[in-house]
Amino acid sequence: MWQAGGVSDEDRLSRAQARTILGRVFKMAAPFRRTMYVAFGCVMVTTATTLSAPVIVRHGIDAGIRARDTGALNLSVVMYLVVVSLTYVFGRMLFVFVNRTGESFLRLLRLAVFRQMQRQSMAFFDRNKAGVLVARMTADIESMSELVQWGLLQFLSAVLMLVFSIVVLLFLSWQLTIIALIVMPVLVFSSIKFQRDSNRAYLTVRERVGANLSALQEGITTVRVIQAYAQEDEVKSKFKVSNRSLFAAHEKSVRVSTWYFALVEFSGVLASALMIGIGGWFAHRGTVTLGTVVAFVLLLSSLFDPVQQLSQLYNTVQSAGAALNKLFAILDAKPEVDEHHSPVDLPRTGELKVSNISFTYAGAENQALDDVSIRVGVGEKLALVGPTGAGKSTLAKLMARLYDPQTGTVEFGGVNLTMASMTSLRERIAVVPQEGFLFNGTIRDNLRIARANATDAEIEAAIDAIGATEHFAQFSDGLDTQVRERGSRLSAGERQLVALARAALVDPAVLVLDEATSNLDPGTEAEVEHALERLMLGRTVIVVAHRLSTVQRADHIAVVVDAKIAEFGSHEELLARNGHYAELARAWVQSHSVN
Amino acid sequence: MSVSESETEVSARLEFEQAQRSEGWKLLRGLLRDQRRNLVIGGLIGMSWAAFKVAIPQVTKLAINDGIEKNGPLLKWALIIAGLGVLTGILSGFRRYVAFRESRWAETLLRERLFGHVLDLNIGYHDKAQTGQLMSRASSDLMQIQGFIVMIPITMSNVIQIFAVAAILFITDPVLALVAMAPLPFVNLSARRFSSRIHKITLAVQAEQAQLANVVEESVSGVRVVKGFGAEQVQFDKLEKEADDIYAESMKAAKIRSNFMPAIDILPALGAVGVLGVGGHRVLSGQISIGDLVAFNVYLTLLVWPLRNVGMIIALGQRAASALVRIHEVLSTKSEITDPPMARDLPSPNGKQLGAVKFDHVQFGYDADRPVLKNFNLEIAAGESIAIVGATASGKSTVARLLLRFYDTNNGHVYLDGVDVRKLKLRELRQQIGVVFEDTVLFNDSVKSNISFARPNASQADLEKAAKLAGAHDFILQLPNSYDTVIGERGFSLSGGQRQRIAIARAIISDPRVLVLDDATSAVDPSKEGEIRDAMRTVMSGRTTIVIAHRPGTIALASRVVFIDELTVAAIGKHEDLVATNARYREVLASMQNTAPDFLEELVK
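Residue numbers (the working numbering), protein chains in the order written: chain A, 176 to 770; chain B, 2 to 606.
Source of the hints: derived by calculation from the structure; they are not laboratory data. Please note that a few of the clues may not be correct.
Stated by the list, open to error - Chain B regions said to be covered by chain A (calculated; three or more residues, Cβ under 8 Å): (1) 103–109; (2) 133–140; (3) 205–218; (4) 283–293; (5) 343–349.
To be verified - The calculated DSSO-like cross-link candidates involving lysine-lysine, where the alpha carbons are at most 30 Å apart (straight line), are: (6) A:739 <-> A:556; (7) A:411 <-> B:466; (8) A:304 <-> A:509; (9) B:335 <-> B:375; (10) A:413 <-> B:449; (11) B:256 <-> A:411; (12) B:27 <-> A:413; (13) A:415 <-> B:335; (14) A:413 <-> B:466; (15) A:509 <-> B:242; (16) A:411 <-> B:449; (17) B:129 <-> A:411; (18) B:426 <-> A:411; (19) B:469 <-> A:413; (20) A:413 <-> B:426; (21) B:449 <-> A:415; (22) B:27 <-> B:129; (23) A:501 <-> B:242; (24) A:304 <-> B:242; (25) A:528 <-> A:556; (26) A:501 <-> B:253; (27) B:242 <-> B:253; (28) A:413 <-> B:129; (29) B:353 <-> B:256; (30) A:413 <-> B:335; (31) A:415 <-> B:426; (32) B:335 <-> A:411; (33) A:509 <-> A:202; (34) A:427 <-> A:415; (35) B:466 <-> B:353; (36) B:242 <-> B:201; (37) A:411 <-> B:27; (38) A:739 <-> A:528; (39) A:415 <-> B:27; (40) B:253 <-> A:202.
From the three backbone atoms N, C-alpha and C, an ideal C-beta is built for every residue, glycine too.
All chains should be built: construct the whole structure from the sequences, respecting the hints.
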């Protein structure tokens with residue numbers, strides 16, 4: 176437990192930051208403030224009862240045994256028993272209430288962070304790597320659960336214990352209290368130093384554990400290459416180096432703790448020695464009673480234990496603070512693309528009109544789109560073509576309001592997309608990404624991604640609309656087939672079919688497609704092609720095209736080059752124009768036969 | 002496990018588990034035997050620590066009786082106690098050091114053994130094994146074992162401490178000892194039950210956390226779908242369910258904690274109440290001294306930790322046992338592909354062209370009942386280049402894997418230069434075959450180490466020669482640290498074409514007799530395809546080469562085409578002839594062309 180946390184220097188919070196975080200935590204905890212107060216009350220009771228035990232023992236010895244008063248002795252025993260029972264009852268309650276407070280807070284934090292994450296626009300997801308976002312929602316929040324489960328409790332009771340102990344000791348004898356506290360500065364300073372050193376050692380350990388696991392994983396995942404080149408022995412000896420350096424880090428971190436634990440053990444005994452020596456002298460002089468000295472000997476541990484516990488919590492609290500700081504940063508992030516405060520619904524159908532839009536990705540130097548205008552009439556098909564990075568995908572994304580342009584407007588049926596309600600926007604304009612991305616669950620669940628409240632009949636109708644009913648009927652569980660992680664149960668073509676059915680379920684006026692570049696198995700290739708044709712029927716379509724066949728079928732082709740539309744027209748028109756489109760279309764036909 | 006097992010089945014299963022378990026413990030004993038000396042030292046340190054620790058309250062008692070009550074010499078007693086403090090302090094530090102060091106050492110060695118063993122296991126094993134599973138063997142299972150070993154010296158001293166304290170208490174006053182210690186066995190019992198129950202629920206909480214992670218992961222990776230369909234609420238609902246599950250399981254854990262933790266704390270206090278009540282009266286009746294009474298109280302507190310620990314180590318031991326069984330399972334798996342007992346040598350060159358490959362009536366399937374190749378015959382002359390063409394999943398890549406002896410054939414033989422590959426040392430065979438895999442796997446390491454992977458002691462000149470042949474030398478010089486640039490996930494990221502060329506350089510650095518190119522152009526930007534093909538053409542000359550073609554353009558590199566269809570060689574010949582005569586060949590070719598890449602990429606170049 177002593178190496179619970181581990182905070183790197185850049186994660187360390189300033190005092191002001193810590194204060195803000197604490198304030199926000201309390202604000203967030205408002206809904207279960209009552210639980211919190213009850214928990215606090217319980218801590219007070221258990222601390223008081225725990226501490227009163229030695230006082231009662233003292234009373235039993237002084238007033239009962241030494242005064243030879245059986246009645247007083249018996250009374251102490253009964254009181255002791257009552258106190259012990261109280262400690263037990265309130266101790267149980269304490270666990271439940273502290274945990275309820277903590278877990279409720281973590282639950283709230285999970286929901287709030289996720290909701291805010293989901294509200295963010297695409298730009299946010301471009302900026303933040305998937306792994307980092309997942310880590311926020313998992314590792315960062317979980318790093319606090321230790322604090323919630325026992326840390327918070329221990330922190331509270333340690334602080335109270337320390338304060339109460341000093342009060343009780345002062346009440347018993349101020350002279351002996353001073354003696355008991357002589358060792359304290361040594362203990363406090365060495366605890367702080369130990370936490371610093373062990374934190375540093377722990378960070379090294381953590382880093383090397385990571386490196387070692389990477390080496391391990393790389394070895395296992397690349398085993399085919401390793402065996403193909405017969406390099407097993409070399410890889411093993413390399414792993415040995417990383418593994419041994421991890422051992423060295425572990426060894427170092429144990430060594431750091433060795434002297435500290437020795438010192439802690441010693442100072443506890445030293446305090447008893449002082450108590451016997453000096454306390455005994457006081458007793459000889461009659462300044463204190465024997466019972467008081469005994470009580471002090473017994474109470475010493477309640478003075479020293481909290482100091483140790485608090486120092487152990489230091490890192491846990493620090494790392495929780497660092498995690499909260501990162502989480503609040505997400506909660507504070509403002510989504511770039513957000514619903515207008517008084518949104519209007521888009522008309523059922525209409526022309527899609529792009530007027531003079533310019534767009535630059537956050538952090539990018541060059542414009543992705545530079546003063547682009549284009550109109551797509553109802554039911555027309557527009558193919559966007561051009562080299563990677565020229566802006567064709569960006570244009571498609573802006574036409575579906577996945578991003579907002581910095582200047583210019585995108586309108587549907589005369590309504591600016593930025594004014595539209597999000598619900599009507601997603602109902603009118605559906606985006607089908609390049610790869611059929613599936614979520615855990617059944618095929619049916621995956622369609623409901625597009626419309627959560629769709630009935631089974633509507634789902635079947637959507638599958639039917641793209642002509643895939645027969646295909647999925649082949650599965651033993653039909654539409655209730657579990658697609659497994661990322662849809663691994665289905666082939667790439669089948670995943671694409673599900674993605675298209677999703678779009679069919681929405682029944683949008685405009686379809687924005689990013690054509691797949693990857694290979695599909697020849698069997699489903701035809702089915703996907705067919706499904707796509709049925710889906711496009713009667714809709715306005717914007718397709719980021721990669722294949723000549725797709726382009727040929729479009730009503731208009733926009734050749735996007737260097738953030739601008741370089742050529743615009745139908746396939747025949749563009750061929751007749753003899754620009755680069757024509758030239759390269761011809762070259763392609765030649766180069767893709769076997770030479 | 003079936004729901005209704007017969008008695009014999011149950012006993013058979015129990016027997017099996019018992020056997021597994023004893024194998025696991027045998028593994029642990031083997032590990033610890035090598036560290037015997039240090040563990041004994043650790044145990045001795047622990048025992049002497051326990052002895053001094055137990056002595057302190059005795060001395061304190063004497064100090065109170067003799068020093069304070071009878072006005073004896075206080076300084077002497079104080080010094081004695083402080084001296085004992087120094088001893089226990091030093092000993093406790095060392096006990097901890099030895100325990101942790103030895104347990105980490107055992108963990109370190111076992112991890113190396115595990116990794117080494119896994120690397121040697123045949124590819125068929127790796128096809129089925131999940132990386133995650135193996136990783137958790139080498140991390141969390143080892144952690145369980147380490148957690149157990151670290152407790153061994155501590156437990157030894159704890160047990161000694163318990164016995165010593167019990168002995169002292171009974172000698173001082175047997176009746177009071179019984180009163181004081183009566184509740185203590187329950188501490189041990191509770192600690193044991195708590196530890197095993199909280200472990201189970203902790204695993205449940207972790208499982209729920211993993212599910213929540215899945216929801217987050219898919220929402221983030223699939224953000225285009227989520228945004229595109231406005232499915233934020235759908236995903237939020239999923240997440241809320243998982244968050245609720247975590248809450249519910251965590252509260253169950255809290256319940257368990259609340260059931261045990263206060264009880265564990267309170268039981269010794271009950272003993273203390275007894276001591277005050279019964280002991281107080283015994284002092285009054287003169288049977289024991291006040292010092293004895295105080296010592297009793299102190300001893301009680303000395304018993305609490307050891308008893309808790311002993312309870313914990315039993316639960317830890319159970320967990321370590323299951324971890325040991327799982328690790329033993331991996332370590333006892335034998336590789337199905339091994340060196341032959343009497344290995345033969347490959348013929349040496351003597352100026353002749355070498356690298357003749359022959360498949361003779363080969364039958365093979367990844368599952369025995371689903372053959373991939375059947376009655377497969379193929380002869381490739383030394384220095385010849387052939388292209389293998391076939392539909393997706395027709396077994397093209399399998400041919401190369403059999404030659405490398407990643408798998409053994411079910412029937413028939415594979416020969417390299419006239420020697421059955423099963424008669425060769427694996428290392429000798431594989432060093433003679435250079436492979437470029439379809440998915441270019443490079444290591445997170447420098448360009449230099451990646452290219453010289455197959456020949457770690459290659460000179461810089463050899464390195465550059467291979468890189469030049471593969472057409473990689475020029476771009477490598479452009480990299481920030483040229484050959485020393487670290488590439489991969491944590492380093493400089495290369496384009497698909499650059500990665501391919503490094504992989505090609507790696508394949509040829511040891512000048513293998515046979516080169517296998519599992520279409521090195523398939524993951525490459527189409528405009529770079531030509532450059533890769535040029536590189537391939539250069540390295541192929543004068544060497545037996547098997548090109549596994551996924552794109553039409555690659556076929557032209559080879560002098561002959563081997564067309565695989567319906568599990569076997571359907572046709573062999575020149576590309577043009579096959580196109581002219583074989584309808585099925587034209588069909589497969591057409592499907593390859595249909596998925597040919599993006600022509601528009603080349604616009605404006």
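Cross-check of the supplied hints:
1. 103–109: Answer holds; 3 residues pass the 8 Å Cβ test.
2. 133–140: Contact hint for the segment 133–140 of chain B vs chain A: holds, 4 residues under 8 Å.
3. 205–218: holds (count 7)
4. 283–293: holds (count 3)
5. 343–349: violated (count 0)
6. A:739 <-> A:556: holds, 19 Å
7. A:411 <-> B:466: holds, 28 Å
8. A:304 <-> A:509: holds, 18 Å
9. B:335 <-> B:375: Answer holds: residue 335 of chain B to residue 375 of chain B is near 27 Å, not above 30 Å.
10. A:413 <-> B:449: Holds, because 16 Å separates the two Cα atoms, which is no more than 30 Å.
11. B:256 <-> A:411: Measuring from Cα to Cα gives roughly 46 Å; hence the hint is violated.
12. B:27 <-> A:413: Since the Cα atoms of residue 27 of chain B and residue 413 of chain A sit roughly 29 Å apart, the hinted pair holds (cutoff 30 Å).
13. A:415 <-> B:335: holds, 22 Å
14. A:413 <-> B:466: holds, 26 Å
15. A:509 <-> B:242: Holds, at roughly 26 Å.
16. A:411 <-> B:449: holds, 19 Å
17. B:129 <-> A:411: holds, 22 Å
18. B:426 <-> A:411: At roughly 19 Å apart (the allowed maximum being 30 Å), residue 411 of chain A and residue 426 of chain B satisfy the hint.
19. B:469 <-> A:413: Holds: residue 469 of chain B and residue 413 of chain A sit about 28 Å apart, inside 30 Å.
20. A:413 <-> B:426: holds, 23 Å
21. B:449 <-> A:415: holds, 21 Å
22. B:27 <-> B:129: Satisfied, since the Cα-Cα distance of roughly 27 Å is no more than 30 Å.
23. A:501 <-> B:242: holds, 24 Å
24. A:304 <-> B:242: holds, 25 Å
25. A:528 <-> A:556: holds, 14 Å
26. A:501 <-> B:253: holds, 29 Å
27. B:242 <-> B:253: Answer holds: residue 242 of chain B to residue 253 of chain B is near 17 Å, not above 30 Å.
28. A:413 <-> B:129: Since the Cα atoms of residue 413 of chain A and residue 129 of chain B sit roughly 26 Å apart, the hinted pair holds (cutoff 30 Å).
29. B:353 <-> B:256: Not OK: residue 353 of chain B and residue 256 of chain B at ~79 Å, beyond 30 Å, violated.
30. A:413 <-> B:335: holds, 23 Å
31. A:415 <-> B:426: Holds, at roughly 25 Å.
32. B:335 <-> A:411: Holds, at roughly 18 Å.
33. A:509 <-> A:202: Holds: residue 509 of chain A and residue 202 of chain A sit about 20 Å apart, inside 30 Å.
34. A:427 <-> A:415: holds, 18 Å
35. B:466 <-> B:353: holds, 23 Å
36. B:242 <-> B:201: holds, 21 Å
37. A:411 <-> B:27: With a Cα-Cα distance of about 25 Å, the restraint between residue 411 of chain A and residue 27 of chain B holds, given a limit of 30 Å.
38. A:739 <-> A:528: holds, 16 Å
39. A:415 <-> B:27: Holds - the C-alpha atoms of residue 27 of chain B and residue 415 of chain A are around 24 Å apart, at most 30 Å.
40. B:253 <-> A:202: holds, 26 Å
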